[in-house]
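> Each protein sequence line maps, in turn, to chains A and B.
Every letter in the first sequence is one number past the one before it in our numbering, and letter 169, counting from 1, is 169.
Every letter in the second sequence is one number past the one before it in our numbering, and letter 433, counting from 1, is 433.
Incorrect hints may appear among the rest.
[Stated by the list, open to error] Straight-line distance between alpha carbons at most 30 Å, and here's what the computed DSS-like set of lysine-lysine pairs gives: (1) A:K352 x B:K287; (2) B:K287 x A:K345; (3) B:K209 x A:K231; (4) B:K209 x B:K415; (5) B:K336 x A:K345; (6) A:K344 x B:K336; (7) B:K336 x A:K231; (8) A:K344 x B:K287; (9) A:K352 x B:K332; (10) B:K214 x B:K336; (11) A:K345 x B:K209; (12) A:K231 x B:K214; (13) A:K231 x B:K287; (14) A:K344 x B:K209; (15) B:K336 x B:K414; (16) B:K338 x B:K209; (17) A:K344 x B:K332.
[Stated by the list, open to error] Quick look at which bits of chain B chain A covers, simulated, 3 or more residues with Cβ under 8 Å: (18) 98 to 112; (19) 217 to 223.
Simulated from the structure, these hints should not be mistaken for laboratory data.
Built from N, CA and C at the ideal position, the CB exists for glycine as well.
Residue strings, one per chain:
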Amino acid sequence: MSDTIAELRRQREEAQTRLAARFGADSPEEVSQALNALHDRLIRRVLELAEQEMMRTGRGKPPVPYAYMLFGSGGRAEQTFASDQDSGLIYADAADVARSERNRSAMPGNASSGCTFRDDFVARYIRAYFLAFAETAVGYLKQLGYPPCEGNVMADQPAWCMPVSEWAAKVDGWFEEPSWENVRHLLIVADGRCLAGDRTLADGLKDRYFRHVADRPAVASRMAENTLRHKVLVGVFGQLLAERYGASAGTLDIKYGGYIPMVNAVRLLAVRSGIRATGTLDRIAALAQAGVWSAAEAAEAREAFAEFLRLRLLASAPREDGSLPSGGQLPVRLLAREDVDRLKKALRTGKKLQRRIERETRAGFGGR
Amino acid sequence: MVKKCLIVLGALLVLFPTMAFAADEPSAGTLNMGLNALWVLVAGVLVLLMQGGFILLEAGSTRMKNAGHVAGKTIFTLGLCSLLYWAVGYGFAFGPDIGKFIGSGDFFFNPAIAAGETDNYPSTVFFVFQLAFAAVSLSIAWGGFAERAKLSAYLIFTLFFSGLIYPIISHWIWGGGWLAEDGSQDFAGSTVVHLTGAMGAFAATILLKPRIGKFNKDGSANEILGHNQVFTALAVLLLWIGWFGFNAGSTVAVGDGFFGYVAFNTQLGAAGGAVAALLISWLVNGKADITTMLNGALAGLVAITASCAYVEPWAAVVIGLAAGVLVFLSAKFFEKIKVDDPIYALSVHGAAGVWGTLANGLFATRTLVEKVGVGRPGLFYGGGAHQLWVQFVSVVVCGAFAFAASFVVLWAMKKLIGFRVSEEQEIIGLDLSEHGTYGYPEQMKKAAQG
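One chain only, chain B, in its complex shape (with noise of 0.2 Å):
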């Protein structure tokens, strides 16, 4: 017996030295610091957990024979928007000013191995998490790729979105740029991120054109289902999951633990989204849709992004069931003028993005705009409509630059060596075009017997 307690607390002695060795305390600032790195980090592991979710979406809202291809080009893109970000990304987003609108140095990283006296975190810590934005807005415009774009085209526009376009827009408003100066009020990235991934969804799916079979001649449009619905609901569960470290996370602090309110309004924000989506579905369709309720939960939380550190519990519930309304609308919309958006990108990630940042504008509080120190309290709150108006700007300006500059490479690259995948191959499918093998082998070869 004497001899298991000992063995015990030897054990204990060696993971836990502190214990034994008390006098040699960390300080406070260490502390702190270290606490802010683990909650960062942890929030940026969250972030990168959200390519799963994308995985499944697209996956789960596209046909079988290009499930491989869909899931696949994700971990790759993922993979080369980490190598080109780390190279200049990072640069242009972080590094010094210039003129208020990009940064530059800090080109191919090489960070302090650890944290400074004084600094809040490591900058290895910032750089994972900023690394796993970047990804997230560029997994957001394959929506737009979907089905019929070109393997070397996700090859040539993540050279130019997580290169370029991407860290102009987060410079602008997170990196000291111009719209940073003038108070824009996008706390973990309505804008930056989904707003920026939209456009590029946007220009993508317009100079594709639609999918062979998606509207008839008459203009009207057929369904075309995405082969596995639980996937699409798995995948919404793990990107509202992420989405905690996504905004949570991004107040980049412990501290006094503020980043628990901001978690709390996220939730309210998305659980908003999912309810108004399924109910207007419903209302208008006579039939509750699934799509369009995963949709609304998605777009609550896209909605949320902006505003979650600025508003009231009320109105985070507020712009959650605004969004779930308007993300069935916008698709509804997109459908009307004849614009395919297979993965629903443009209204997820851009429709309720643009209201997301313009809520701030309405719900944003006196307390919580001086908490986070950024901007004036929105309309209802007594600020006027001076804060509206810097959002709308700051939606315009961000919407307009991140859709110009990705047609143009996109238009150009069509130009060059070609967009679309052939007529033959997207009918066989990209798994086998694109890659010589299905994701599904079994049904698929049955498919085509059958």
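Chain A with its partners taken away, still in its complex shape (with noise of 0.2 Å):
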């Protein structure tokens, strides 16, 4: 297995060094799609080498269908070059087993046990099974140089992997308790997108949040309070915000003070509005099509995010040496002058995005 591994990571580093010389010739979205086609396919090849291995290793198909999630960056199909990994998994319910023809002989235990022992038995010999499964893929992602998610938004944590009534009475937990913490997941939750297994498990569980969001407003100005501690770094005069001391001295981050608030404007304008696309440039077309924004607006939306996109891939793109570089730090000083006027133009509109959030924020549900 680490042979087909270390040959799919080969793949991927050259697949990589392809696209990052195609900057220039193609636009930034032509780059960033094909670069998430190629995260996506790698993905999914991963999770049927894991399967394999747990066929291998004597424990079988999965027993339930399950839905492998993206969240982050995966989710909204925006990976750069050197993304980590934030994923989830979805499986069916334990009872939903007994009525399951299909995998009944690959289950263990016999009838002839009282009911609720059996179910209870059979639950977590499916939870056990699930968790190995993630593990295992969530290990061949590492070798194949995914890193894991720093705050453990993995499919092979506990919280993050577990049957569909499982998520969705935390997804009700979350919605009745908005706490920081809570809000913060129920926004990972809002860019999940299923890659892998059965369509229908997401599909489920987002009906479900979404009635939540339309039952209560409160909790999507919770969502706005929690996104908008992000500022866009730009200033009053319109200067960029670069970081003053220490080894990133000069640079502009990039991430957190562009790309990362104009994702979280627009994903809070997409769930207020019941928009299921996880992808930003997806969500600002669907905001022109339900008449959120006009066409001008989202046309401005598109272009600053765009060029946040280009950079950002810019600035995670591998260097000569082959060597990922880590955060998207820009360094200012040797963009061009029509590089730097372009991007005080696109942090200009997502400060004005974000400013115009706030306000309608405030008016709509009062401010603290």
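Combine both chains into one complex, guided by the hints.
As structure tokens, then:
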């Protein structure tokens, strides 16, 4: 198996170098799309390999249908050359297993034991199976060069690998008690995208999610508070607010000072309007279609976001020696004059959007 | 009841014997002198209290490992400065004038025990007041030494600075020297005290070179944060309060209450500096910087020091606001040219000192100039560019002299006995290397274990 993974890693690096070379020739959206198609393909392949490994080690096929979810930039299909893993796993409930003829033979235990006991046993078996499966997949992905998520939002964590009923209860709880941490979870789930497996599991959860959003407008305002803390790094005079000290002095944090605030703002509007698309550009298009934004507003937002996407990709592109730079630090000094102007324009658009949401949130729900 | 009344009455008579012997009235001259003496001594004590501000300012702006050293050396050099100023400094500043350049006489000052018939105040009070100023100027210079100079350097520099350099400049402007003759307006010492101290700091920081870790190889700067921002804020308040002695005390008379007007302008200048500095850092950097705001308050005070008795209230506000913006830009500038200024002495006392002195040339009013009796009105009050030019000359000459003299002393010391501690000592901290104990023993031990 390690040979296969090593081969996949080699393929990834090769393909990424090829994609990085397409900068300039192709639009950032095209490069980003191709790059994310590559990531998706690789992750799907890893899931197949993980299933094979489960079979090979005698643990069999997945006992119930599952959906492998990508969150964060993966969920939005906006991964860069060096994104980490944000994932989760939804699987069907144990109670459904009884009705599932297909998998009965694969199950240990027999019908003579008490029903509750058996259900409990099966549930525990399924849980253990998917945790082991996710652990295998996450481990392969690490070997492939996808670092683990710092916040531990990963399919191999019990908190993010649950049967659909538990997911539903959890989402209900988060809406019930919109504490800072819970709202953060809701925002993570908003970007969730089913990459492999049974889509209907993910869709069911999303239905529930958007019903809650519609019923509880106050939670949306909590979401606004939660996401507006990353400030767009442009000053009152339109100047860039670059780092002033330390090793990254003179660089602009394009990720947290441009890209993320815009992602947050667009996500917020999309969720409020019941838009289910997860990609930011898709959300912008949907917002225009739903009449939330005028065509001009959408075009402006689209242009600004494409600029962030481009610079973020640029900042994360493989270096000449093949190493991957870490964060989204953009050395402002090395930018050409017209690039700086474009960046400033994009940042101003981002800031305007942030301001507008701030205002609307205050107007709609009162300040704090 | 009657008994109690008698006891109280008796006690009051003991406390206030004049009530019983109203006929023994002091003369109007003695009363006037007494009031002046009282005010000037109180002002001198307020200025001395500013050393508490410097202790907290410098300690708060530097790292924990140097805190005991930074704080303690201020008291030591205050003592040394007092002895020096008594022995020679006061004589050079206020002794009989020689060629408009330096005073001579009154060495090992042995004052009369009381004021004479025609004196405005006893000379002892004047001495204490002037000594407190000399000590402030010295403590300003320490900003350039912070976190890397040897203790012996503090000792040697005090000898020359308090004994000679500062007295010469104060003679020029306040002791009847050639700049006083010229009509240079520096009411309480933007130039004499602040610019002179800042130039000492400038010479020191150039010769010492930046602290380890302040600048990277590629030329970018690192932020070496002070260990206690609360100290720094409290320091600014102490200095602010002390400044009422500094400025309002410089009337050296109670007279018609003009010192109140000086105090009033001082408050406006400081306020303008604090507000402008916070706003400018917020506008330019996107974050409202506390350190910049605190520096702004001090810069406002430094700037208004020269002009507090010469300008109208609105001008005091303008001078303070401009000082707040200036201190922010100046700190950025010094960082850009890779001068490590840990306590921001160059910006707060240097840049703002220059601005405050020049501001007289713009805003000094005819009425106030006549009242104080020095120089002419400024550019905006019909005085033309004359006063501005005088102010400019005094800034350039005093600044250049203070810088050159400090540089020569420190350069010679560097060559002869060394100026900076070793790299190892700088890293373990001056508390340990110079004194053998930490200012924060528990914390530093814990840090060493961690």
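> Now, for every hint given, state plainly whether the structure supports it.
Hint-by-hint comparison with the structure:
Distance check on the hinted pair: K352 of chain A and K287 of chain B sit about 18 Å apart at the alpha-carbon level, within 30 Å; holds. Between K287 of chain B and K345 of chain A, the direct Cα distance comes to roughly 21 Å. Compliance with the 30 Å bound is thereby established for this hinted pair. Under the criterion of a C-alpha separation no larger than 30 Å, the hint pairing K209 of chain B with K231 of chain A is inconsistent with the structure, at around 36 Å. Between the alpha carbons of K209 of chain B and K415 of chain B the distance comes to roughly 15 Å, so the proposed pair stays at or under 30 Å and holds.
Between K336 of chain B and K345 of chain A the CA atoms are separated by roughly 27 Å; this keeps the pair inside 30 Å, and the hint holds. For the suggested pair K344 of chain A and K336 of chain B, the alpha carbons sit about 24 Å apart, so the restraint of at most 30 Å is met. The straight-line distance between the Cα atoms of K336 of chain B and K231 of chain A is roughly 26 Å, inside the 30 Å bound, and the hint therefore holds. Between K344 of chain A and K287 of chain B, the direct Cα distance comes to roughly 18 Å. Compliance with the 30 Å bound is thereby established for this hinted pair.
At roughly 29 Å between alpha-carbon atoms, K352 of chain A and K332 of chain B fall within 30 Å of each other, so this suggested pair holds. Restraint check: the Cα-Cα separation between K214 of chain B and K336 of chain B comes to about 12 Å, which is no more than 30 Å; the hinted pair holds. Distance restraint check for K345 of chain A and K209 of chain B: the Cα-Cα separation of roughly 41 Å exceeds the 30 Å cut-off, and the hinted pair is therefore not satisfied. Taking the CA atoms of K231 of chain A and K214 of chain B, the gap is about 28 Å. The hint holds against a cut of 30 Å.
At roughly 10 Å between alpha-carbon atoms, K231 of chain A and K287 of chain B fall within 30 Å of each other, so this suggested pair holds. Proximity of K344 of chain A to K209 of chain B is assessed by CA-CA distance (about 37 Å); at most 30 Å being required, the pair is judged violated. About 25 Å separates the Cα atoms of K336 of chain B and K414 of chain B, which keeps this hinted pair within 30 Å; it holds. The hinted pair formed by K338 of chain B and K209 of chain B meets the criterion: a straight-line CA distance of about 9 Å does not exceed 30 Å.
This hinted pair checks out: K344 of chain A and K332 of chain B have alpha carbons roughly 23 Å apart, not beyond 30 Å. Coverage of the segment 98 to 112 of chain B by chain A is violated in this model, with 0 residues showing a Cβ closer than 8 Å to a Cβ of that chain against a need of three. Counting residues of the segment 217 to 223 of chain B whose beta carbon lies closer than 8 Å to any beta carbon of chain A gives 4, which reaches the threshold of three, so the coverage claim holds.
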